[in-house]
Amino acid sequence: MNRILAVVRKEFLHILRDRRSLAVAVLMPLAMVLIYGAVMDMELRDLKVGVLDLDRSDRSRELVRAMTSSGFIVAAEHLPGREEIEPGFRQGRFLAALVVPRGYGGDLARGEARVQVLVDGADASTAATVANYLQAVVATVNRDLLREAGLAAPFGARTRIWFNPELVSARFVVPGLVALVLMMICALLTSIAITREKETGTLEQILTTPVTPAQVIAGKVLPYVALGALVCTMVLLAGKWVFGVPMAGSWWLLAAYCLLFIVIALALGLLISARSPSLRVAMMAALMVTMLPTMILSGFVFPIASMPGPLQVVCRLLPATHFLVVLRGIMLKGQSWFPLQTAALVVMAAVLLTLAVRSFRLRLE
Amino acid sequence: MSGEAAVFARGLTRRFGDFTAVESLDLEVAGGEIFGFLGANGAGKTTAIRMLCGLLPPSGGEARVAGCRVGRDTGALKRRIGYMSQRFSLYEDLTVLENLEFFGGVYGLGRAELAARADELLPRLGLDAERGRLTGSLPLGYKQRLSLGCALAHRPRVLFLDEPTGGVDPVARRGFWDLIYEQAAAGVTVFVTTHYMDEAEYCGRVSIMVQGRIVALDTPAGLKARTGGADMQDVFLRLVDA
Ligand SMILES: Nc1ncnc2c1ncn2[C@@H]1O[C@H](COP(=O)(O)OP(=O)(O)O)[C@@H](O)[C@H]1O
Ligand SMILES: [Mg+2]
Chain A
108 MNRILAVVRK EFLHILRDRR SLAVAVLMPL AMVLIYGAVM DMELRDLKVG VLDLDRSDRS
168 RELVRAMTSS GFIVAAEHLP GREEIEPGFR QGRFLAALVV PRGYGGDLAR GEARVQVLVD
228 GADASTAATV ANYLQAVVAT VNRDLLREAG LAAPFGARTR IWFNPELVSA RFVVPGLVAL
288 VLMMICALLT SIAITREKET GTLEQILTTP VTPAQVIAGK VLPYVALGAL VCTMVLLAGK
348 WVFGVPMAGS WWLLAAYCLL FIVIALALGL LISARSPSLR VAMMAALMVT MLPTMILSGF
408 VFPIASMPGP LQVVCRLLPA THFLVVLRGI MLKGQSWFPL QTAALVVMAA VLLTLAVRSF
468 RLRLE
Chain U
36 MSGEAAVFAR GLTRRFGDFT AVESLDLEVA GGEIFGFLGA NGAGKTTAIR MLCGLLPPSG
96 GEARVAGCRV GRDTGALKRR IGYMSQRFSL YEDLTVLENL EFFGGVYGLG RAELAARADE
156 LLPRLGLDAE RGRLTGSLPL GYKQRLSLGC ALAHRPRVLF LDEPTGGVDP VARRGFWDLI
216 YEQAAAGVTV FVTTHYMDEA EYCGRVSIMV QGRIVALDTP AGLKARTGGA DMQDVFLRLV
276 DA
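Protein sequences, first through last, are from chains A and U.
Be aware that the first sequence starts at 108, since it is given in the working numbering, and climbs by one per residue.
Be aware that the second sequence starts at 36, since it is given in the working numbering, and climbs by one per residue.
Don't take every hint at face value.
To be verified - One-sided and incomplete, this derived list gives chain A residues near chain U with beta-carbon spacing under 8 Å:
no.	residue
1	I122
2	R303
3	T315
4	V318
5	P320
6	I324
Note that these hints are calculated values from the structure, not bench results.
These numbers were taken from a predicted model, which means no experiment stands behind them.
Built from N, CA and C at the ideal position, the CB exists for glycine as well.
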């Protein structure tokens, strides 16, 4: 125990002495919460919409006014005709167009009103968000107008966006950042820390002492687990306090899954450091195997559903993909039962850990 | 150590693929002796030392160090030896004291013990004034003395020093050898490689290794008498050319 503590203490000193890496590890995730959260929030608040009112009735004017008074939508301009929509998108004058068809007022009175929403699809990830958002706004406004008119809302007209009704993107970014932070600190930094000792010869020096390889590894990874947990907590709290990201489920369950994911990240880090001939290779490998897929393929930023088939298969093989489903489930929906994801994560942890231990033994002999 | 050799090797061999780096090494070093393990670059000295320290499994032969069978009693062996590798391998981003405390710590020393040992070792190594300095900022000679200190933290019985004085000036080397003498006088067996032939004169006995084999093993005086060399430099050249 004394021996492990000596390694832990030394590793903490390394972390504290390397101010630059520490700053990156701590500040980058926080900056990402703030930037992503703020940028997405702003985009939705000032969403510019082109309005084409073909009905020109009191009812249709009411609809447009009700929508723009929500504060999230700015009626950028009133369009004279359909042919003006595409140039508007091209010139970036608005991101979406609302078309109120002829006869809307009458339809509304009969309880079957329809409007058309056109969204600029050039930016696929915001397009879906914007479309959903506008649909929700239209549905709400329609329902209110109907209620005022003393009519019951038709059942199918209610569009609701589940689990993220305000569409504040920090809610989606924060769970992803947790995965990214854990990968960065527990896989990337750990593999760098171990490979560096191999390269400078200090690992061999340690191996001449009675400390066992298992003790060395334990002592080396514990500080990174602590750092990872600390930064994750900071990200979660920042998300909660600044953007009101909810915590619908249990913190304990969240912590348990984070621990499972940490095991996977550590195993990956160990595997990389055991297999890498040099620090440079280890860094590249860790970036390619852990950070990039977590950012690009886990559904953190780009929705998996909109990826081509083969890529979706790759996504399913990534621990982060399953981890994100669990995190979002716990945080946004308050779920607590994830049989598929849990099975996938446990199998991945077991396989990676076995591989890591095996290749580490080989290396040390 | 009840008459048993502090370092004993018989037929110790290490191959890397087809290449034999150390071929059937036989030697015995008595407790408290300063044994010089000489040889040109690439002769196989480091490979032999790494086998004796249990860092590299031998391809053949056997060895006993400080009463422990190498490759068997690994835990006890590691507690009884100190190893200073040929490359400087301490943590440059830690201070002198932190390095010493770390190595003492992995040898299992407690806090109080560590503090006492540091207070004893640092002045003796001439590093007391530098205890708070980052190791990376020290001159090479200081780093080597600190490496020695880290290898000594747990009071080993046998000390393996692999080219401990490479790259420093004669005054610094002389100072380092004073420390080696101190340890030997305290009963520590010192197994040291070097390619400075003046340092060979300081050893009780020396072996000379050429291409993985020991070609001569005797006291410096004995070797000079046998080969007719004027000094160790001369002896070495005659043996290596032979
Ligand atoms: N891990 C290794 N793999 C292959 N060859 C090695 C390895 N380690 C050492 N050697 C070779 O063994 C020979 C002896 O090396 P070494 O023991 O370092 O010599 P010395 O310490 O006497 O300079 C050299 O030719 C070296 O290239
Ligand atoms: Mg060598």
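Hint check:
no. : hint : verdict
1   : I122 : violated, 10 Å
2   : R303 : violated, 10 Å
3   : T315 : holds, 4 Å
4   : V318 : holds, 4 Å
5   : P320 : violated, 11 Å
6   : I324 : violated, 13 Å
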